[in-house]
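Turn these sequences into a full structure, and let the hints steer you where they fit.
As they're listed, the protein sequences go chains W and G. In case it helps, my numbering puts the first sequence at residues 1 to 135. In case it helps, my numbering puts the second sequence at residues 1 to 530.
The hints are all genuine.
Where chain W lies over chain G, by a calculated footprint (3+ residues, C-beta under 8 angstroms):
1. 192-203
2. 271-284
3. 325-334
I should point out that these hints are in silico values taken from the structure, not numbers from a laboratory. Glycine included, every Cβ here is placed at the ideal spot set by N, Cα and C.
If you want the building blocks of each chain, they are given just below.
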Amino acid sequence: MDYRNILTICPYCGTGCGLYLQLLDGEIVGVLPAKEHPVSQGKLCIKGWNAAAFLRHPDRLKVPLIREGDRFREASWDEALGLVAERLLHIRDTYGPDAVGFLVSARCTNEENYLAQKLARAVFKTNNVDHCARL
Amino acid sequence: MTNSVPEFSEHTRCFLITGSNTTEAHPLVASHVMKAKERGAKVIVVDPRRVQIAQLADLYLQPRPGTDVAWLNGLMYVIVTEELADQEFIEKRTEGFEEMWRVVQQYPPERVEEITGIPADDLRAAARMYAQNKPAAVLYTMGITQHTTGVDNVKCIANLAMLTGNLGIPGGGVNPLRGQNNVQGACDMGGLPNVYPAYQPVTSPEAKAKFEAAWGVEGLSDRVGLTVVEMVHAAGEGRLRALYVMGENPLLSDPDIQHARECLEKLDFLVVQDIFPTETTELAHVVLPGAAFAEKDGTFTATDRRIQRVRKAVDPPGQAKADWEILCRLGQRLGAPGFDFASPEEIMAEITRVAPSYGGVTYERLDREGSLQWPVPAVDHPGTPYLHKEKFTRGLGRFHAIEFHEAAELPDEEYPFILTTGRIMFQYHTGTMTRRSPKLEQEAPEPYVEMHPDDAARIGLDGIRRVRVVSRRGAIEVAVRLTERIRPGVVFIPFHYAEAAANILTHAALDPVAKIPELKVCAVRVEPVP
Ligand code: SF4
Chain W
1 MDYRNILTIC
11 PYCGTGCGLY
21 LQLLDGEIVG
31 VLPAKEHPVS
41 QGKLCIKGWN
51 AAAFLRHPDR
61 LKVPLIREGD
71 RFREASWDEA
81 LGLVAERLLH
91 IRDTYGPDAV
101 GFLVSARCTN
111 EENYLAQKLA
121 RAVFKTNNVD
131 HCARL
Chain G
1 MTNSVPEFSE
11 HTRCFLITGS
21 NTTEAHPLVA
31 SHVMKAKERG
41 AKVIVVDPRR
51 VQIAQLADLY
61 LQPRPGTDVA
71 WLNGLMYVIV
81 TEELADQEFI
91 EKRTEGFEEM
101 WRVVQQYPPE
111 RVEEITGIPA
121 DDLRAAARMY
131 AQNKPAAVLY
141 TMGITQHTTG
151 VDNVKCIANL
161 AMLTGNLGIP
171 GGGVNPLRGQ
181 NNVQGACDMG
191 GLPNVYPAYQ
201 PVTSPEAKAK
211 FEAAWGVEGL
221 SDRVGLTVVE
231 MVHAAGEGRL
241 RALYVMGENP
251 LLSDPDIQHA
261 RECLEKLDFL
271 VVQDIFPTET
281 TELAHVVLPG
291 AAFAEKDGTF
301 TATDRRIQRV
311 RKAVDPPGQA
321 KADWEILCRL
331 GQRLGAPGFD
341 FASPEEIMAE
351 ITRVAPSYGG
361 VTYERLDREG
371 SLQWPVPAVD
381 HPGTPYLHKE
391 KFTRGLGRFH
401 AIEFHEAAEL
411 PDEEYPFILT
421 TGRIMFQYHT
431 GTMTRRSPKL
441 EQEAPEPYVE
451 MHPDDAARIG
461 LDGIRRVRVV
471 SRRGAIEVAV
481 RLTERIRPGV
491 VFIPFHYAEA
501 AANILTHAAL
511 DPVAKIPELK
521 VCAVRVEPVP
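Quick look at the structure:
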């Protein structure tokens, strides 16, 4: 039996409470508040206590999907990313850089947001970059 | 936030909480407020809804929605005329007081009462309480920013804090509470159309040159790009042809959803990277499965500028991948240099080189110190719990003279109610995650509209439990909940629910500067469903 606690941050509101994911043989079995956290100080709200509840939901997207008519079909990463690269470049080259836009995410990490805006600015040469957080 | 959450329980002596349903939307911030209250701190709540935190308030003011500039100016009027302002702070650290005063002197409490409905004596009491209990902190959320006057509202709050010398001290400040866990970080990282990481303007030639050198590219654009709402419109007009959406669901969070959907349907190419199917993935040409917070490493930045580590506990399901890995692979497929990172830690190393306020961040420090609050410009810098200590970034703090303007859409005979939208405790944003968490969904499975019993009697609801709420843009059917905690003439709908999306009703009138839609005020009528 392998039991560990992984210290991380609640994925919900911007308070950024500290929590431990309890890991038993590689599966998350629960959530514990982090006592030493300067803001949450060993407490969580009901959303924090349930922070891991959606992770294994059957609706999770597990495979890249490509639209065919009204339906999606499963695809490999290679095929899906190849198509994305080809279509985005084609649109940029045909209509200009500002015909492409990027929405980054208040739910993704800093590192991911940094990369997404770098992709928009450095590769596509557009500042059409925003996120939905003002909404 | 200019200040830190732990300062609230430690230092703050007065809270002015406005447009923030703190106990439901930010429960663990509210617990610091309650602790402060236990040691005698004062709490003033200004909100069109008598939200839970209003129950522990020393003073509760209920303005008509969309009138924030008027009551904020009114508070300043009282503070200046009763000589409660911090003269020393105004003289030494600010400029523009005279211009501001020329406008503010036109907002005596009696006139403010006419505009807002707040009794003049309550406004006076609030002004005294805020000015005489220092340090005083203002806390606010979207209730302040989602207006055509959102930027004006925020400037007025800054005016108020400067007028009373409540900036640059622990426990004071101007404190927007961020609704989503990494909004702060998404902004810090340049997830905005006008700035590179750490708010360096895209229009600045120095910033452009700096990023061209750092990224090894030429020809970065110096034109400010489009905001979300503008991108959606541009798609409708055929100017925007392709959109890449990472972890967002604009089709539930945008104003006037039906129109947004028609616009996005016109795109030649829509890529959506997410962890669940959403209203937006339905329209996509390609859907890429991303990873949830527990399935990847990285950092989030909390509302008080607190940079913290997110740690991977389990693998993503199936073939899903961490979003940073997807972006690296796509960058490489595009033949671009600078996307061959082996870990988020390597990406952070690049961030620290281009974003001065993150300059001293390392994963090793975060592991050791727990969190770092930016600006943290160097590895030997301790971070910054509160901003503007000895001076403002621009030197002197500037007062802004702000006139009150009415909201873009006011109630009339045909649409007699003001609709305002917001969050509830058990759901989060568009519900993608919470609505799939059984305990949370069970607590609040159903959308509803809140209405004052007097209004219900007036439109003849008479025991009827379902209503149609109709605006100029659309209609939804929901259950009705009668409550005296809402102002008569105002109705409230939480926006988390796709089956009766409040944003079918809202409209896309934008703040002219921040381009934030006015989700907090629009006109509707309410009809019984027999
Ligand atoms: S535990 Fe609650 S208050 Fe804390 S970050 Fe999560 S949602 Fe916010």
